[in-house]
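Colleague: Read off the chains here:
2 protein chains.
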Amino acid sequence: MVIWIPWVAVGVSVISILTAATYARLVLHADAGTEPMRDTSKSIQDGAHAFIAREYTAVGVFVAAMVVLITIVLRHQHGWMIAICYVVGAISSLLAGFLGLMIATRANTRTAQAATKSTASALQVAFRSGAFMGFIVAGFGLLGLTVLYLVFKAWVGVQEAPNIILGFALGASSVALFARVGGGIFTKSADIGADMVGIVEEGIPEDDPRNPAAIADNVGDNVGNVAGMGADLYESYIAAIIAPVTIAAAGAIFRRLGEKAMVLPLAITALGIICSIIGALLVRPKGDVPRWELTWPPYVTALLAAVGSFFLVWGILGKEHLGLFWPVLMGIVAGMAIGLVNEYYTNDSFKPVREIARSAKTGGGTAILSGISFGMLATVIPVGITALAIGVSYVMGSHALGSGGGIYGVGIAALGMLCTTGIVVAVDAFGPVADNAYGIAQMTELDPEVLASIDKLDSIGNTTTSLGKGFAIGSAVLGALALFAAYAQAIGLAPVNMFGDYKFIVGILLGAVTPFVFAALVLAAVGRGAFAVVEEARRQFREIEGLREGAPGAKPDSIRCIDIANRSALHNMFLPCTIAIIAPMLVGFFLGKEALAGFLAGAIAVGFLLAVMMAISGGAWSNAKKLIERGEHGGKGTAAHAASIIGDTLGDPFKDTAGPAMNILIKVMAVVSLVFVPLFMK
Amino acid sequence: MVIWIPWVAVGVSVISILTAATYARLVLHADAGTEPMRDTSKSIQDGAHAFIAREYTAVGVFVAAMVVLITIVLRHQHGWMIAICYVVGAISSLLAGFLGLMIATRANTRTAQAATKSTASALQVAFRSGAFMGFIVAGFGLLGLTVLYLVFKAWVGVQEAPNIILGFALGASSVALFARVGGGIFTKSADIGADMVGIVEEGIPEDDPRNPAAIADNVGDNVGNVAGMGADLYESYIAAIIAPVTIAAAGAIFRRLGEKAMVLPLAITALGIICSIIGALLVRPKGDVPRWELTWPPYVTALLAAVGSFFLVWGILGKEHLGLFWPVLMGIVAGMAIGLVNEYYTNDSFKPVREIARSAKTGGGTAILSGISFGMLATVIPVGITALAIGVSYVMGSHALGSGGGIYGVGIAALGMLCTTGIVVAVDAFGPVADNAYGIAQMTELDPEVLASIDKLDSIGNTTTSLGKGFAIGSAVLGALALFAAYAQAIGLAPVNMFGDYKFIVGILLGAVTPFVFAALVLAAVGRGAFAVVEEARRQFREIEGLREGAPGAKPDSIRCIDIANRSALHNMFLPCTIAIIAPMLVGFFLGKEALAGFLAGAIAVGFLLAVMMAISGGAWSNAKKLIERGEHGGKGTAAHAASIIGDTLGDPFKDTAGPAMNILIKVMAVVSLVFVPLFMK
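Chains as they are written, first to last, in the working numbering: chain A, 1 to 682; chain C, 1 to 682.
Just so you know, the hints here were simulated from the structure itself, not pulled from any lab data. Hints should not be assumed to be uniformly reliable.
Remember, identical chains collapse to one label, so a pair may be satisfied in a single copy or spanning two.
[As the list claims (entries may be wrong)] Calculated lysine-lysine pairs in the DSS-like style (CA-CA distance at most 27 Å, straight line):
(1) LYS636 - LYS626
(2) LYS636 - LYS361
(3) LYS42 - LYS626
(4) LYS260 - LYS286
(5) LYS361 - LYS153
Since the structure is predicted, the reported quantities are computational estimates derived from the model, not experimental observations.
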């Protein structure tokens, strides 16, 4: 049976891609609306393409440099084969991002048009666009990995193959890093810039057609939240599959179980895709769609995957290793729990957001103080759950498989969480499309009724975003830990002296500081980018006659704003991204493999904390602002509202730029360490 | 010779205490000013005493509980002896804090009065008050430790003695924790409350006699920045001495060097006191005192200590172990370097503060964003320097002393930094006294000329505060690392499997999250405290007739404001402080000694990062505000000024509450681990 599993996985991944294609066709066949709507959508498309074209060129240069580096540095470890996998990983990620963006930027106007009929049909269009992205990500990931697995198994042998196809994960990581960081800087520079000039200075609503930065803001939603988020989860997904395969290929487990433990991850992933498709089919919005319309399908998918994996473990490994089912379950539960914590801290029905809104009454300073302290406090449950998941997975893995099984169990936990990626990306990529639809409806001045209908989607999107954010963080941490475990195994499970050697503790310190520096650079980049957009938008209001009054002929020059955000993003993404990729190499090379182990441990811990804190503080400020805008504590125009806008200004780059970038940072550093481990073994 | 060193140390510590007494006499003999000045000073004294009385009662209960716990839990390890040392440590810390506060709250009015003569004589009074605190801290610390060393050496033997006198460090830690956290919450609740109602709402200047919270604010400077800071450095000082003594008592070093390596730390500390006295004697302000008047004496002291320790190492250990001089030097250099980084990032002559002020022009959100990103970025050099100091100290220590020497070297580096504590506390405790003097001068409406003269002291105080903050952080980290090294040695230098066991990585995660939770609780406490003070101050302005207009009979009820800040501080300090002390015990007990090693590593790394980030962001916001108030970007009353006040509101609890609390948190957790290590060895 074992021999057939990779082929089944190939089949399932093709089904996933076909499912995606079907969703894409359904989106494209929908009515694209009136001419002004199509024009606006076209502007957003053009802006997104302009960004993508530049970003991909920059990434292309980086990828080429990495190919040379890998080929030369790892020349005694099949470097050129790893380089091939690297290129495949990079290209597939770029392609997935590009396709997702293509559909999302076409779904926006179609969602707005569908909203003229009913909320349910608008939801359907936006969801289909998200589902396209979800199944492309899942399909590409599993297909790429499995094909490379089959190829290199035949070429270099089954135990050596995982070390080669790690290049695939590294390729996806590099692209994800640039996509998240570049997209994140772009989107928040445009967003803050648009808000500051539009809402604060000129007193016009969000997405007003007069605002020169409004189109840039909508472009940002797509490049940041669709392409960036997709690349992020694509990368987690691949890391989660490859980590247990690598662990299973080396050492004691292979001797006992052979290839079985290597194909189990492929089987669980394929199962996850099938369950995700079932979950997606459950989305059949009707009438007045409730807020949790898109919340429950992921839970159903997770439940199906949990039950299914029980039988998979039984069938593939046999009844005596059935304990390995527990790590799968722990991974699934941990992912959901982190999402729920996120929901509690950022939903305005609960205490944190309400208290932040209340503290806005005494000014911006206290609102920020309150949000930061909630964000910091919120880290404790996700960390506790993750620690528990690691502990249980390790113990059950050791129990089920004997020595080496503990690490394998941790890898499987990550996979358990990530096997439902298809449906999670689908519901998460829904949000930005709904957001864009609202923007288009506003800019083309559709009926208030239609706006209200799309606004409804927004509140659904908020909930799915909480889920998605929690999932992205949890999966990144478990994925990074699984890669870290594989690294620990690769350096021979060498016992590390806590202080028998100073290098380990130095490694921890250096690892811990890296996320701080990375976040600092990214936040500063958003500050600079937003400043540039503000200056430009102010200039246009000053120089373009009749723009402020909305005279018929007076059009803002949206393209210049896009161009400025674009340039700022590309210019500022290089330093942090290069640090992320080079730092582990330098630590490993100069301080040795123990120091690098400490480095990864420190970086994962701190990256995790910052990711949670920034996501939650940011989300909470944003919703506190919305709460006040709905009339709480005096509503719009009050001092409390001004204070909440200050919170939101800090929160935007927290939750959409620096915070999510942490996810990639920790994974990319772990995968770099694992790929280049032969260098540090001398 | 070795046998005499402890007696020499006793002699030097007595000299230190006598020096302190002389400074105190000089302060008390100075002219206390007019009656209104003495009255105001009296109100501040009464407020401080009220706080101290309540705080010490609360701490007393805690100390009693700990005595019971230690005696019972460590009954097979001379628990009752440890408990005695614990009580001595706690009482000496409480006494040092109390005495420092007594003198500081009397020096304030005398400084203001001296300012009516000249800036130089005002500086002299304020400095003498600081010097009293500095030499009390140094004298008490060395005296207590050395006497206990002599007693328990005679009683339980020289190798066993350090394990007993660790109780002294734990006692000092517990008190420091409460003093820093309680004092920090009090001072910032009062400060923010006073600013918010006074400056923002009523538009009256800082320290206006009409402000009901003005006295509370001045009390806060004393309890937070004098008593809290003193207790913090007292604790670091003791930790830095005890850690290398403990390391030297166990294992290979004792076999080779005997008691020599145990008394070397005492000798270096005594040397540091002598050099600090010389440094203090160099402070002879004349005429128009320059800004760096108090900056250079600590550097001279450090230089003398470095040179002196070269000969001490030579004399005590012999020429073949002279390499151990390097760790001393590295410690001194690291302390100064971190202070300089702090100065760069928080002084308005340099880019960071100027850029934060500039970004205040686009609002509070961008000002906060800019300050946070500078604070995060600023962590990289201190971490790098510390990593370098650890590396060099370890390598040189191993080289000079052979196996076990590396850890000893790290301990000696911490001591190298801390041996100059006397002079550092002296210049650091100067700041709050000058601050208070300004408050009194303002409240009793002295001449603008006098105010300008005291304001000059403020700018001197700013520089010494940067130095002191950097020193407090650096010494806390090196002190905690030295204790951690001693812990690592105590658990037998057991090689820790990175992922051979899941417990280590779980320990790192749990350790890393602790500073976040701790900081969150402390920040939230300040928010709540400030809110309560604001409500009370508003009530008084509303209900006390003529208060706003400054009618002759209308006096604010300052005592109520003090009482409210007081209660809020005591109420909210318990949870974070208990977590700090209990968490390592729980981790050690339930997850084992390896997990606790990971826990400490994670906590020290993250605590270090947060301490630097919060100190620097907070200091930078504060100085950006002052820069704008001096006229930059439009000056007072502009939108930029309002934005900078928002930065300052967040910065206050960052730099004076949560940030400094990190210093104690990491030390207290390390010392708890070390004291209770026998529990986890099963």
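Colleague: All hints are to be evaluated individually against the structure, with a verdict given for each.
Modeller: For each hint, the structure was consulted:
For the homomeric pair LYS636 and LYS626, the shortest alpha-carbon distance inside one copy (10 Å) is at most 27 Å, but the shortest distance between copies (31 Å) is not. Taking the shortest Cα distances, LYS636 and LYS361 sit within 27 Å of each other both inside one copy (12 Å) and across copies (22 Å). With identical chains, the CA atoms of LYS42 and LYS626 are never at most 27 Å apart, being 29 Å at best within one copy and 49 Å at best between copies. Within a single copy, LYS260 and LYS286 get their C-alpha atoms no closer than 45 Å, and across copies no closer than 83 Å, so neither meets the 27 Å cut-off.
With identical chains, the CA atoms of LYS361 and LYS153 are never at most 27 Å apart, being 64 Å at best within one copy and 61 Å at best between copies.
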